[in-house]
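Peer 1: Given next are the chains, with one letter for each unit.
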Amino acid sequence: MGYKAKFRVWRGEGGEGRLEDFTVEVNEGEVVLDVIHRLQATQAPDLAVRWNCKAGKCGSCSMEINGRPRLGCMTRMSTFEETETITVTPMRTFPVIKDLVTDVSFNYQKAREIPSFTPPKDVEPGEYRMQQIDVERSQEFRKCIECFMCNNVCHVIRDHEENKPAFAGPRFLMRIAELDMHPYDTADRKESAQEDHGLGYCNITKCCTEVCPEHIKITDNALIPMKERVVDRKYDPLVWLGNKIFRRSS
Amino acid sequence: MTQTTAENSARKQRAQIKVRTLRTDRWWLAPALTFTGLMTFLVYGFWAIFDQSYLAEPYIAPFASPCLATACPEGARLFGLAPIGDWYTWPPGLLILGLPAGFRLTCYYYRKSYYRSFWLSPPACSVAEPHGKYTGETRLPLIIQNIHRYFFYFAVIIGLILTYDAVLSFRDKDGNWGHVGLGTIILLVNAILILAYTFGCHSCRHITAGRLNHFSKHPIRYKAWTFVSKLNAKHQQFAWASMFSVMIADLYVRLVAKGIINFPFA
Amino acid sequence: MEIERHEYDVVVIGAGGAGLRAAIEARQQGKRTAIVCKSLFGKAHTVMAEGGAAAAMGNVNPDDNWMVHFRDTMRGGKFLNNWRMAELHAKEAPDRVWELEAWGALFDRTKDGKISQRNFGGHEYPRLAHVGDRTGLELIRTLQQRVVALQQEDEKLHGDPEAYIKVFAECTVTRLLKDGEDVSGAFGYWRETGKFIVFDAPAVVLATGGIGKSYVVTSNSWEYTGDGHALALLAGAKLINMEFIQFHPTGMVWPPSVRGILVTESVRGDGGVLRNSEGRRFMFDYVPDVFKDKYATTEEEGDRWYTDQANNRRPPELLPRDEVARAINAEVKAGRGSPQGGVFLDVSTRLPADEITKRLPSMHHQFKELADVDITKEPMQVGPTCHYIMGGVEVDADTGAASVPGLFAAGEVSGGMHGSNRLGGNSLSDLLVFGRRAGAGAAEYVNGLARRPAVSETAVQDARAEALAPLERSGGENPYEVHHELQRTMNDLVGIIRKTEEVSEALDAVEKLKERSNHTASPGGRIYNPGWHLALDLRNMLLVSECVARAALLREESRGGHTRDDYPKMSPEWRRKLLVCSATPDGATVDVEERIQPSMRADLLVLFDREELSKYLTGDELAKYDAVKES
Chain A
1 MGYKAKFRVW
11 RGEGGEGRLE
21 DFTVEVNEGE
31 VVLDVIHRLQ
41 ATQAPDLAVR
51 WNCKAGKCGS
61 CSMEINGRPR
71 LGCMTRMSTF
81 EETETITVTP
91 MRTFPVIKDL
101 VTDVSFNYQK
111 AREIPSFTPP
121 KDVEPGEYRM
131 QQIDVERSQE
141 FRKCIECFMC
151 NNVCHVIRDH
161 EENKPAFAGP
171 RFLMRIAELD
181 MHPYDTADRK
191 ESAQEDHGLG
201 YCNITKCCTE
211 VCPEHIKITD
221 NALIPMKERV
231 VDRKYDPLVW
241 LGNKIFRRSS
Chain B
1 MTQTTAENSA
11 RKQRAQIKVR
21 TLRTDRWWLA
31 PALTFTGLMT
41 FLVYGFWAIF
51 DQSYLAEPYI
61 APFASPCLAT
71 ACPEGARLFG
81 LAPIGDWYTW
91 PPGLLILGLP
101 AGFRLTCYYY
111 RKSYYRSFWL
121 SPPACSVAEP
131 HGKYTGETRL
141 PLIIQNIHRY
151 FFYFAVIIGL
161 ILTYDAVLSF
171 RDKDGNWGHV
181 GLGTIILLVN
191 AILILAYTFG
201 CHSCRHITAG
211 RLNHFSKHPI
221 RYKAWTFVSK
231 LNAKHQQFAW
241 ASMFSVMIAD
251 LYVRLVAKGI
261 INFPFA
Chain C
1 MEIERHEYDV
11 VVIGAGGAGL
21 RAAIEARQQG
31 KRTAIVCKSL
41 FGKAHTVMAE
51 GGAAAAMGNV
61 NPDDNWMVHF
71 RDTMRGGKFL
81 NNWRMAELHA
91 KEAPDRVWEL
101 EAWGALFDRT
111 KDGKISQRNF
121 GGHEYPRLAH
131 VGDRTGLELI
141 RTLQQRVVAL
151 QQEDEKLHGD
161 PEAYIKVFAE
171 CTVTRLLKDG
181 EDVSGAFGYW
191 RETGKFIVFD
201 APAVVLATGG
211 IGKSYVVTSN
221 SWEYTGDGHA
231 LALLAGAKLI
241 NMEFIQFHPT
251 GMVWPPSVRG
261 ILVTESVRGD
271 GGVLRNSEGR
281 RFMFDYVPDV
291 FKDKYATTEE
301 EGDRWYTDQA
311 NNRRPPELLP
321 RDEVARAINA
331 EVKAGRGSPQ
341 GGVFLDVSTR
351 LPADEITKRL
361 PSMHHQFKEL
371 ADVDITKEPM
381 QVGPTCHYIM
391 GGVEVDADTG
401 AASVPGLFAA
411 GEVSGGMHGS
421 NRLGGNSLSD
431 LLVFGRRAGA
441 GAAEYVNGLA
451 RRPAVSETAV
461 QDARAEALAP
471 LERSGGENPY
481 EVHHELQRTM
491 NDLVGIIRKT
501 EEVSEALDAV
511 EKLKERSNHT
521 ASPGGRIYNP
531 GWHLALDLRN
541 MLLVSECVAR
551 AALLREESRG
561 GHTRDDYPKM
571 SPEWRRKLLV
581 CSATPDGATV
591 DVEERIQPSM
601 RADLLVLFDR
611 EELSKYLTGD
621 ELAKYDAVKE
631 S
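Chains as they are written, first to last, in this note's numbering: chain A, 1 to 250; chain B, 1 to 266; chain C, 1 to 631.
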């Protein structure tokens, strides 16, 4: 059942490194992360890889397998030909610490730039009443396991390091959408989504959705609806006029 | 990060991998197909605008409907009207095609497809784009994409007119109801696909109820949103299907008008 | 080499539910707080919790209240629980869940807009607040975002988001530091750089979770190496109930590489049934006497219960976890297992496909992606997996304080709350209730200090030398091999069913492995070197495994998460006794002693029927009950 697979794994510290070749045993039912662990236990004890749950729930083992962002624990070896050489590299958008481990502090920085949930002051814990259909949209976004592969694959920062300060990335634009759609959130997030967090950089090419291991429809359900909400505020004279006439506040 | 990393940030950089992508699959296939498909449409559309044989009663070619000038034959006019008057002698399509074209040009799906296949930004996921600088839709001209919803309003009108045309094609040449030809069916299918594409639009989804935070307080709008969301999930498929159906319907009518297609049930 | 130093009021080790809740509390009480976590912020094992957080809010069944929850918890733990903890837990869990909602959590809703609650094994009423089957993720993300919210507040007030609460991610603590008897700080290393770090802090909250990585088949992630248990032992604190380990009845059994990964109990709560290879719903054969009148005796009654809980008894698939795990174990041993060595858990014939994907989305996803099995079409194969340790640091129920001044513990690393067996859903609420109490306890302790304990330089140097040792040896043992052998030993010899000879054999093996682990060598440098990290974790795993084995050998009865083949009955005498582990002064080995546990407060005792108590308590204790009832 087992066979010997050819692996090319990027190894190095702080950016400099090279692809190293390995031949390693593979057994039935294994995933790429199992093979990386076998390399650690038998050939390269200091091969660095980040992982936790090994069940696709924590989003730690993000890497690029044959050039595509994947979770190592959710990529079955049976999806490859036995003769194929499998190339494993660290996420490209973030600086490398060592081997397959990258410094993802960019994401935590961005998380802190998004204003938190802002409930009305007069609702006490235990008094929240929300209908299931009103929370479902935000619940989809809260499935996010923060593997950061959407931010990694997004060409806005993947191909343009200089855009990092101005662009929160799909993960955190989705967080803005999640809060904006929350039935109890009172903060105004439309203006800042566009001005401070770079929603306009998104050209909806959907790679974030393609790589999402939780199959969240990031583009269709979060980013585009958020863009439309921004249009309401900033680019739609009819809505502006309607609000003036009926004195509605958002 | 929520931790101290500043002291070693200078040392850190991305993995130095020289190649543009390590993908081993045929990632270039999808953008190549998209490019070919969209180019076909553009070339056909350009030809169709200047082609004069757009009426073969009871059929009118979708690219020429509604025909708003006096120069159009009686049967091609919408409700028999010609609001533009007789000064206009250019092809009738030029008057109205800007609206559906604008709708598709600013459509969220088409944006994805041409950003990828024409502008290669990016050509495919995790394949580097060839541009040194990128500002996306943050400034002119691409910030104009935000007017999509206005094109949507007009696209609804055009969609309804094409449906009306399809209904009228159930009459024969003399205006008697009951006719069904291949053209009728083609126009009908096209109208349905166009409507499915139009009402599945992301802006439509937003307008119906997407902009609300309390679906439960607007049950009818929520129902509409649920329906639009279903269409929206297939927006890409409807975009392609309706693009080809409109092309086929248009070509079919013109071929009938030119007498190239002349079998009994045409 | 320069060692990085930080001064804090409270250092929380572990950033799962308990750690984050403790840190939030300490910060809210104005203490400068550090959160130290082994992995990235927001990745802790809490994300794996699926079913929900048990809290008697009574949203679905208004008959539910804290007393019912308290009774269920005690029953589940076979009355070995620290009753004060069970009481506090049952009373405070609703507030802790509601508070999450005010921090942005989005639980599933009932029709009238309240938090929906689901059924779970051992809980009399629907009680688990949940979000599909990813409740743990919701909980940790909410707490993580609460920490961020506090940091944003601090940024506005002080110009520095990390002024009062800071996360040290991918940072591992290897030693607690003391000044005389009191805790004075902690010593650790950054995974990223391998550099050392010293925290100077009068209060340390342990919230490091469990010990599952000492077993081969486990639902636990790599972090679960018993760090907090070992740190507490080495700092002079005591561990209790270490013999009680919960084997979750339903872990995946195939493919081999994911063996042990959890299949949530909600599958059974939502109608899934267990069958053996003969197609029989075997759980009906395994209802123990103490539960006889609470569970259905026919399949028809069990099935009716899902729609009409008032007039029917629940199906035996929903017995507490220890019972179900033992039953599956017995079926497999009797040769009635599934092809890959488990039993069948079937939901495909019980619910329509779209209902399954709606109620159990992650399970559907997990089986599709990992095993290529569509659970809407075919049954799953499941078997027991090491899931949770009931035992842990002995703490004061109200403050989470351990016996060492300045040391606190909360969550899985603390012991007592769950007795001999934890009910599903009680873990998430435990984290919140006792996380908050430990954070508050630590803050109060700091307030009452006359002087700040000092970090001893010698201790720092010793800790440094200890940490560097595996890197400085060459040609020694491969830590991966030692680890693997330990896992096999514990799995085979101190697993679900235990025997005197096997446990003794395990103790000998652990002794030998300890020797080998003193000679591990990790090639490579200090930057993110997993071989080195594992070598350091081995000390903890071995120490904890020794506790488990020693306590398991001493307890001559079967109760909850401890089943002895040679003592298959529950003994009322043993119920009164706790086994307390402590480390010898040099930290080389473990002593275990018996201690009588205080009896339940009278007002709590009378919440139970005499008949039920008579199954658990000794004659003396029952006489006390009668006296209370009389007066």
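Calculated directly from the structure, the hints in this document are not laboratory data. Model, not experiment: these values are computed from the prediction. Glycine is no exception: its CB is placed at the ideal position from the N, C-alpha and C atoms. Some clues are possibly wrong.
As the list claims (entries may be wrong) - In silico lysine to any residue, SDA-like type, Cα no more than 20 Å apart, as pairs:
hint, chain 1, residue 1, chain 2, residue 2
1, C, 111, C, 358
2, B, 112, B, 29
3, A, 217, B, 233
4, A, 121, C, 358
5, B, 12, C, 195
Claimed, not checked - The following label-pair restraints were derived from C-beta to C-beta distances:
hint, chain 1, residue 1, chain 2, residue 2, range
6, A, 83, C, 485, 40 to 48 Å
7, A, 3, C, 298, 49 to 57 Å
8, C, 354, A, 78, 25 to 33 Å
9, A, 162, B, 140, 13 to 21 Å
10, C, 354, A, 120, 32 to 40 Å
Unchecked claim - Coverage of chain A stretches by chain C, computed from C-beta distances (three or more under 8 Å per stretch; other residues unrestricted):
hint, stretch
11, 26 to 40
12, 127 to 138
13, 161 to 171
14, 189 to 198
Peer 1: Run every hint past the structure and note whether it holds.
Peer 2: Structure-based check of each hint:
{"no.": "1", "hint": "111/C / 358/C", "verdict": "holds, 17 Å"}
{"no.": "2", "hint": "112/B / 29/B", "verdict": "holds, 15 Å"}
{"no.": "3", "hint": "217/A / 233/B", "verdict": "holds, 10 Å"}
{"no.": "4", "hint": "121/A / 358/C", "verdict": "violated, 34 Å"}
{"no.": "5", "hint": "12/B / 195/C", "verdict": "holds, 16 Å"}
{"no.": "6", "hint": "83/A / 485/C: 40 to 48 Å", "verdict": "violated, 35 Å"}
{"no.": "7", "hint": "3/A / 298/C: 49 to 57 Å", "verdict": "holds, 50 Å"}
{"no.": "8", "hint": "354/C / 78/A: 25 to 33 Å", "verdict": "holds, 28 Å"}
{"no.": "9", "hint": "162/A / 140/B: 13 to 21 Å", "verdict": "holds, 20 Å"}
{"no.": "10", "hint": "354/C / 120/A: 32 to 40 Å", "verdict": "holds, 36 Å"}
{"no.": "11", "hint": "26 to 40", "verdict": "holds (count 7)"}
{"no.": "12", "hint": "127 to 138", "verdict": "holds (count 7)"}
{"no.": "13", "hint": "161 to 171", "verdict": "violated (count 0)"}
{"no.": "14", "hint": "189 to 198", "verdict": "violated (count 0)"}
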